[in-house]
Amino acid sequence: MIAELGLAALWLAAMLALLQLLLALGIGGRPSAAGARPLALVQAALTLLAFAALIVLFLRTDLSVTLVAANSHSAKPWLYKFAGAWGNHEGSMLLWVTVLALSGALLALFERRVAEKMLVASLGAQAALGLGFYAFLLLASNPFARLDPAPAEGRGLNPLLQDPGLAFHPPTLYLGYVGLSVAFSLAVGAMLTRQVDAPLARAMRPWVLGSWIFLTLGITAGSYWAYYELGWGGWWFWDPVENASLMPWLAATALLHSVNVLAARGGLRSWTMMLAVVAFSMSMVGTFLVRSGILTSVHAFAVDPQRGTFILVLLALYVGAALALFAARAATIREGAPFDPVSREGALVVNNLLLSVILGIVFVGTLYPIVAEALSGEKLSVGPPYFNAVAGPLALLLAALLVVGPLLRWRRDKRPLAKWVLPSVLTAATVLVITFVFVPGMGILSRLGLAFGIALVPASIVPLLGRSLRRTPLATWGMVIAHLGVGVALIGMASESAFTREKLAVAQPGDKLSVGPWLVELAGIAPVAGPNWTAIEAHLRASRGSGAETLRPQARVFTSPLTETSEAAIHTAWNGQLYAVIGKQRDDGWQLRLWWKPFVTLIWLGGMLIALGGLVALVGRLWRERRRGREAEE
Amino acid sequence: MRRALRFVPLALLLAFVGFVAWRLANPADTAIRSRLEGKPVPAFTLPPAVPGRAALSSADLATGQPRLLNIFASWCVPCIAEAPVLGDLKRRGVAIDGIAIRDKPEDVAAFLARNGDPYQRIGADMQSSVQMALGSAGVPESFVIDGRGIIRYQHVGPIMPQDVSTVLAELEKAK
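Those protein sequence lines, which keep their order, are chains A and B. Per the working numbering, residue 15 is the first one in the first sequence, and the count goes up by one each step. Per the working numbering, residue 191 is the first one in the second sequence, and the count goes up by one each step.
Only chain A is shown next, with the shape it has when bound in the complex (with noise of 0.2 angstroms):
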């Protein structure tokens, strides 16, 4: 009954949604917002009642429903089974429009900023993404479908996904996947109302910082999962899932920047329609690359060729319309107001082409396998030595720009800047020349790295400086905050890739190894059991001068269904991580991996930064848009 009624639901919300188009397009009626309101809000409604159908059938395991009994199990933990909801390819399209409906309402609801024409247009268009996701969902996906007999139990959950991380890791990426879609059905509806302007860009700026704000989290967690769940010690693999969630934020991060040019000068024009047409098509393409099974990868969980070839059509339709639409209107788009090479706007554009070109090589990198295979049959794999080598030395530039671009003002900027910028750039050689003495055999790009991530820390504060903190607005807070995040960042990827240590061994109980400042003994071994899985669990007592932590890494062996995997155990310090994994039996001892990580942590601490950074922005932003909207009532 509950699936039935969820079906029911999808259904009525996909009619709502071609109402909807069909109201944009002036058929059956004069366009107006006050009809596409409440065919947004209810659209959102039914699609938030299918999905807690969903999760109510996955709380209940009932097991008459194909997609629970593929997925769940009776015995999983209900974090899990919740969880389990969005951890599959149904599930997860079904989030998907849920939340562009959500986005949807939302727009329609706020939205007062923008002509009505042009807010009916881009509601039509947010109603035709939805429309093309909801048949992929009733027609090829359908979450709802019924098994006959049901099984007597469910076939399990892939138990490298059973972890808190997965409850909110995928919902965070696509909330903000969808909410740049808001950004790209503004972008049509403005060129198609000709109305691209700054209010258009205020209106749009919220979506695109919030969708910035949940891609930035969702990237830095995923990070952090599968640095501590695969068990591989790394934090960034260049795997093309990451690189499918990396893309649209490069992107929207892009978009993020241009869009402040045309909210406060009226400038780029063009390129942040284009950006924002870019930014969704690559929430897309990313989605497109992982559902089709076209590259390998070790993430790919939901693969289907005919999966695959349903969102290459919807993305040649929706983002083949768009750019015709931009190709189309392109001429008629007016340019800004002028601006100096040397200028805030200068400095945007320069951060916008280096973004772009950064994207431009993660996007080829990440396709050059198939394409290589097609045209040579050679099956090969693009990885970190050709991303590092290409986007690393692009990346630190951006780091240096972040010293300059901020100070720079609007238009034009002839003060000598070379006071404020003087103190970053001997903090950064007096880096360089202490790693040079110090650390001789140290990588050139985390060298670098550190040196610029090390300045960039105050630096990224001077646009504090001389101004009164409680008058300055909260945007520039964000900045800030967001820059600093960006120095810690790049401070942790430095440290950890330049001084990390490693430890291989086999050892027998009462062994004792060194790693870095530690000394890890191998207290014992003993076998553990949790609700689905065995476990080998190692005791291990780590401990440099004086104390003792404890570590007890894992072995797991997951019953439904039968998989191993290996949970690493942490130890945070003030100055880094000791990360210790526990491998295979052999005839003389255990294998044992233990890493010293000095300062790794600073990598996701500055991705938080980054995030709140974001949020501080948005918070300030809406905050004045508001007044700004009550004082224009009055």
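None of these hints come from the bench; they were simulated from the model. Heads up, some of the hints might be wrong.
Far from chain B, some chain A residues (derived; all Cβ distances over 10 angstroms) [as the list claims (entries may be wrong)]: (1) L39; (2) A83; (3) V292; (4) V299; (5) L367; (6) L422; (7) W547; (8) G597; (9) D601; (10) Q605; (11) V630.
The following label-pair restraints were derived from C-beta to C-beta distances [to be verified]: (12) B/M322 x A/W25: 34 to 44 angstroms; (13) A/A154 x B/P237: 49 to 59 angstroms; (14) B/R193 x A/R484: 43 to 53 angstroms; (15) B/T235 x A/A335: 52 to 62 angstroms; (16) B/E227 x A/T564: 49 to 59 angstroms; (17) B/K363 x A/A587: 40 to 50 angstroms; (18) A/I448 x B/R193: 50 to 60 angstroms; (19) B/T235 x A/A443: 41 to 51 angstroms; (20) B/P351 x A/A443: 28 to 38 angstroms; (21) B/G228 x A/N589: 55 to 65 angstroms; (22) A/E578 x B/Q255: 52 to 62 angstroms.
Here are the computed lysine to aspartate or glutamate pairs in the DMTMM-like style, where the Cα-Cα straight-line distance is at most 25 angstroms [unchecked claim]: (23) A/K131 x A/E516; (24) B/K280 x A/E578; (25) A/K517 x B/D297; (26) B/K280 x B/D250; (27) A/K526 x B/E227; (28) A/K526 x B/D297; (29) B/K280 x A/D601; (30) B/K363 x B/E227; (31) A/K517 x B/E296; (32) A/K598 x B/D250; (33) A/K517 x B/D353; (34) B/K280 x B/E296; (35) B/K365 x B/D353; (36) A/K598 x B/D307; (37) B/K294 x A/D253; (38) B/K294 x A/E639.
All C-beta atoms in this analysis are idealised placements derived from N, C-alpha and C, irrespective of residue type, glycine included.
Fit chain B to the supplied structure of chain A, relying on the hints for placement.
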């Protein structure tokens, strides 16, 4: 903005969609006859990829028995998929040597610890020079080499479970 320039994004999208659609319709075929088949392995000497392990030179490959030479890297994703199949081949008595491409000793060690270690000898090819000499451009790739050090068969891409019978047959032929 110039007229032609405005259509560039659309053209790029169409190229991408067209290409990807064609790939979806025509899944890859990895069976390619190599031009090096029938020729001796080019002479090389490589240091060990992991300290303490046996190094690899071309002389080690001509042992009187057919061997499998596998080119891999710790940063290569298809190699992870291939690893269990290599382990299976090893259990069937196949002698396997490896060449790690542009890799670090600790990364190779970690890769082997995680994915299993089917190799007798592993050479480190830091500059891909041996890989190039073997006429291989990608990772992973595998070569069947007979007892006199002659390349008998080249397999491009990961050896997947469905390829095992082909590889075993080639090894048998090389005896």
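Hint by hint, here is what the structure shows:
1. L39: Holds, because the least Cβ-Cβ distance between A/L39 and chain B comes to about 22 angstroms, which exceeds 10 angstroms.
2. A83: 26 angstroms, holds
3. V292: 8 angstroms, violated
4. V299: Not fine: 8 angstroms to the nearest Cβ puts A/V299 too close to chain B.
5. L367: Non-interface label stands for A/L367: nearest chain B Cβ at 15 angstroms, farther than 10 angstroms.
6. L422: About 25 angstroms separates A/L422 from the closest Cβ of chain B, which puts it past 10 angstroms; holds.
7. W547: 19 angstroms, holds
8. G597: 5 angstroms, violated
9. D601: Consistent with the label, A/D601 stays out of reach of chain B, its closest Cβ about 14 angstroms off (over 10 angstroms).
10. Q605: Label violated. Min Cβ-Cβ 6 angstroms, cutoff 10 angstroms.
11. V630: 33 angstroms, holds
12. B/M322 x A/W25: 34 to 44 angstroms: Distance hint for B/M322, A/W25 is violated at roughly 58 angstroms.
13. A/A154 x B/P237: 49 to 59 angstroms: 53 angstroms, holds
14. B/R193 x A/R484: 43 to 53 angstroms: Roughly 51 angstroms apart at Cβ, these two residues keep to the hinted range, so it holds.
15. B/T235 x A/A335: 52 to 62 angstroms: 59 angstroms, holds
16. B/E227 x A/T564: 49 to 59 angstroms: 57 angstroms, holds
17. B/K363 x A/A587: 40 to 50 angstroms: 58 angstroms, violated
18. A/I448 x B/R193: 50 to 60 angstroms: For A/I448 and B/R193 the Cβ distance comes to about 54 angstroms; the hint holds.
19. B/T235 x A/A443: 41 to 51 angstroms: The hinted range 41 to 51 angstroms holds for B/T235 and A/A443, with Cβ atoms some 43 angstroms apart.
20. B/P351 x A/A443: 28 to 38 angstroms: Violated - the Cβ-Cβ distance for B/P351 and A/A443, about 56 angstroms, lies outside 28 to 38 angstroms.
21. B/G228 x A/N589: 55 to 65 angstroms: 58 angstroms, holds
22. A/E578 x B/Q255: 52 to 62 angstroms: 33 angstroms, violated
23. A/K131 x A/E516: 61 angstroms, violated
24. B/K280 x A/E578: 21 angstroms, holds
25. A/K517 x B/D297: Holds, because 11 angstroms separates the two Cα atoms, which is no more than 25 angstroms.
26. B/K280 x B/D250: Judged against 25 angstroms, a Cα distance of about 18 angstroms means the pair holds.
27. A/K526 x B/E227: 50 angstroms, violated
28. A/K526 x B/D297: At roughly 23 angstroms apart (the allowed maximum being 25 angstroms), B/D297 and A/K526 satisfy the hint.
29. B/K280 x A/D601: Distance ~19 angstroms between B/K280 and A/D601 Cα, so the pair holds.
30. B/K363 x B/E227: 13 angstroms, holds
31. A/K517 x B/E296: 9 angstroms, holds
32. A/K598 x B/D250: 29 angstroms, violated
33. A/K517 x B/D353: Cα-Cα ~36 angstroms, so violated.
34. B/K280 x B/E296: Roughly 23 angstroms separates the two Cα atoms, so the pair holds.
35. B/K365 x B/D353: 19 angstroms, holds
36. A/K598 x B/D307: 12 angstroms, holds
37. B/K294 x A/D253: It holds: about 19 angstroms lies between the C-alpha atoms, which stays within 25 angstroms.
38. B/K294 x A/E639: At roughly 53 angstroms apart (the allowed maximum being 25 angstroms), A/E639 and B/K294 break the hint.
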